[in-house]
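Chemist: Basically the numbering used here = 1-based index in the sequence shown + 261.
I should point out that these hints are in silico values taken from the structure, not numbers from a laboratory.
Worth double-checking, as some hints may not be accurate.
Derived pair list, reagent style DMTMM-like, types lysine to aspartate or glutamate, alpha-carbon separation capped at 20 Å [stated by the list, open to error]:
hint, residue 1, residue 2
1, K623, E313
2, K408, E772
3, K270, E391
4, K808, E819
5, K656, E745
6, K631, D474
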Amino acid sequence: MDLRAELLKSIWYAFTALDVEKSGKVSKSQLKVLSHNLYTVLCIPHDPVALEEHFRDDDDGPVSSQGYMPYLNKYILDKVEEGAFVKENFDELCWTLTAKKNYKPDRNGNSVVSHQDAFKLWCLFNFLSEDKYPLVMVPDEVEYLLKKICTAMNVELNSCELEDFLSQEPQGQGGLTVWQFLDMVNSGRFLRGIEQEAISMAVEEVYQEVIEDVLKQGYLWKKGQLRRNWSERWFMLKPSALSYYMSEERKEKKGSITLDKHCCVEVQPGPRSAWKGDPKTHSVTSMSMGEPLLWLKMGGSGGVTLCCVLSLQVLPDRDGKRCMFCVKTSSRTYEMSASDTRQRQEWTLAIQTAIRLQAEGKKSLHKDLKQKRREQREQREQRKAAKEEETQRLKQLQEEKERKLQELELLKEAQRQAEILLQEEEQRRRQQHEEMQRTLEIQLREAEQARASMQAEMVLKEAEAERQRKRILELEDMQERLQEALQQEVKARQDEEAVRYAQARLLAEEEEKLKQLMKLKEEQEEYIIRTQREKQVLKQEMENKNKCLEEAQKQLEEVRVNRQRVDQDVMAAQRKLRQASTNVKHWNVQMNRLMHPIGPGDKRTNVSGGVFAGYQPLLSRRDSSLKLKQRVEDKGSDPTTENSKENVSNGGNSSMLPSPDADTMATEPTN
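Work out the full structure, taking the sequences as your base and the hints as a guide.
Modeler: Shown next as structure tokens:
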């Protein structure tokens with residue numbers, strides 16, 4: 262289904278919504294407004310004067326859809342460029358026009374789906390509807406869409422109830438209209454007991470998958486190219502590109518990986534491998550022992566193209582990431598990691614599907630699936646028609662057989678009548694013969710003539726009897742062939758019953774596998790929710806630790822500033838102490854020079870004088886220590902200095918005074 266067909270479906274709804282009288286015609290003023298809005302949402306430049314001139318009021322009256330199509334094709338649809346406009350805005354315009362007239366939700370607000378969800382269901386209906394007008398969706402596609410929505414909610418659809426509803430609902434053109442479909446969903450018959458939020462999330466998921474061609478989305482770890490660190494990103498896979506964002510809100514796009522037929526997905530970087538064999542038989546042999554590889558081959562115009570390599574082994578633990586895989590393009594290799602092996606397998610298969618679509622020149626997976634489902638329906642209809650034709654042919658054969666049997670009965674009855682007539686004729690002949698014997702002598706010549714005539718008649722009768730016997734043999738042969746045909750028919754019916762039984766068994770197995778898949782998906786969602794909660798707790802702890810680290814850094818800066826200030830004060834005190842030590846030494850030298858030498862006769866006087874001389878430096882040392890202590894106490898009265906001393910004492914021995922300087926301080930003179 263190309264872009265023109267998609268746009269025509271939405272425009273058809275807008276045109277029919279403007280047809281208030283349901284006459285198949287719309288006024289020119291309304292078509293002018295509709296065309297102007299289409300120009301705007303489709304981003305097509307136009308001339309307003311030419312638009313006014315084309316739809317000016319005259320005596321021609323309203324315009325039918327066939328009359329509007331030439332203008333629509335020439336001036337709008339032929340100028341549309343794919344990717345130049347937002348299709349969702351175009352659909353919203355057409356939905357607004359048609360929903361105002363046709364969509365009638367519950368006035369009490371008890372509708373199962375919201376107005377926005379109804380719009381998305383309308384878009385899904387247009388995508389899955391048949392390419393015939395008026396637009397309808399066949400029951401198979403209705404069941405397919407409801408199953409997709411129920412699967413997204415982990416709910417099983419009641420197919421029997423759906424079949425009962427579809428059998429009771431009047432269907433035009435072999436399917437449901439979009440308004441019948443929306444009324445069916447809003448009735449709550451198939452979605453009872455489910456919250457509206459869950460339905461909205463399921464509709465959004467199916468809308469993204471079918472309309473926006475989102476093959477898969479979720480969180481993955483990605484390794485940077487310049488900074489070789491791992492970052493968690495929200496990835497969204499489409500057939501043409503793999504985009505990644507900061508979070509699942511998709512507000513900040515971090516990058517995109519363009520996919521083409523030359524890209525590949527590598528789960529095991531592993532050894533080198535090579536092709537062996539002729540061009541028609543492709544076999545792969547690994548260059549190392551014990552490493553089986555899975556190669557994906559895709560057919561193109563030039564033959565088979567080697568597209569991607571998958572190893573069945575698990576990647577070694579690299580940077581703590583066990584579930585790694587690589588996406589290789591022509592310019593770069595992207596390293597990623599999933600949360601578990603199942604997620605890695607789902608992502609690799611989804612990326613392979615996107616690469617396969619690019620190699621086959623297809624833009625949408627669901628368009629391809631829809632075409633295949635339509636072909637299957639056509640084949641099923643053909644088989645049904647062929648089966649009905651075969652049934653009709655068998656019925657005709659049965660009727661022919663019954664007719665032949667009736668003819669055979671009639672022939673048998675005719676044979677019995679002929680035998681009776683023959684017996685009667687034989688009796689009559691005997692009587693005539695007896696009469697002829699009695700009258701032989703009287704009527705000899707007449708008897709000879711009668712005998713000749715009787716012999717001729719007998720020949721004719723025998724020929725007729727021979728023909729009757731041949732006819733009976735032919736009828737018996739025909740009866741045997743009919744019996745063989747009947748036996749073949751019975752055998753064909755037995756084969757058909759066996760095929761039906763095998764088909765029922767396969768359907769039961771598929772249903773069991775579907776249940777297992779749904780159970781695994783529920784476990785996966787629970788694990789994702791638990792992981793998100795743990796992530797939030799870790800994030801809160803990291804924020805608290807960052808705050809504590811910032812406060813510690815501020816305190817450390819203050820300690821460094823106070824330490825520098827105290828170091829300056831200590832250096833100044835050391836300079837003063839060294840200066841005082843120098844002065845003390847100088848005064849001691851001067852005092853020693855001024856003292857008189859001791860004579861041998863003045864022993865008592867000299868002893869007393871020597872004691873006084875030794876006592877004088879001791880007093881000087883005490884006075885100097887008292888002065889230094891007083892200065893330190895004066896400085897300690899400043900709060901900043903106390904804090905600095907405390908920090909310096911905690912920082913180590915870098916701010917402690919050396920012992921020689923303390924001795925020097927003790928020798929400072931009193932004056």
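Chemist: Each hint: holds or not?
Modeler: Going through the hints against the structure:
no., hint, result
1, K623 to E313, "violated, 40 Å"
2, K408 to E772, "holds, 13 Å"
3, K270 to E391, "holds, 10 Å"
4, K808 to E819, "holds, 17 Å"
5, K656 to E745, "holds, 16 Å"
6, K631 to D474, "holds, 13 Å"
When held up to the earlier numbered hints, the structure conflicts with hint 1 and nothing else.
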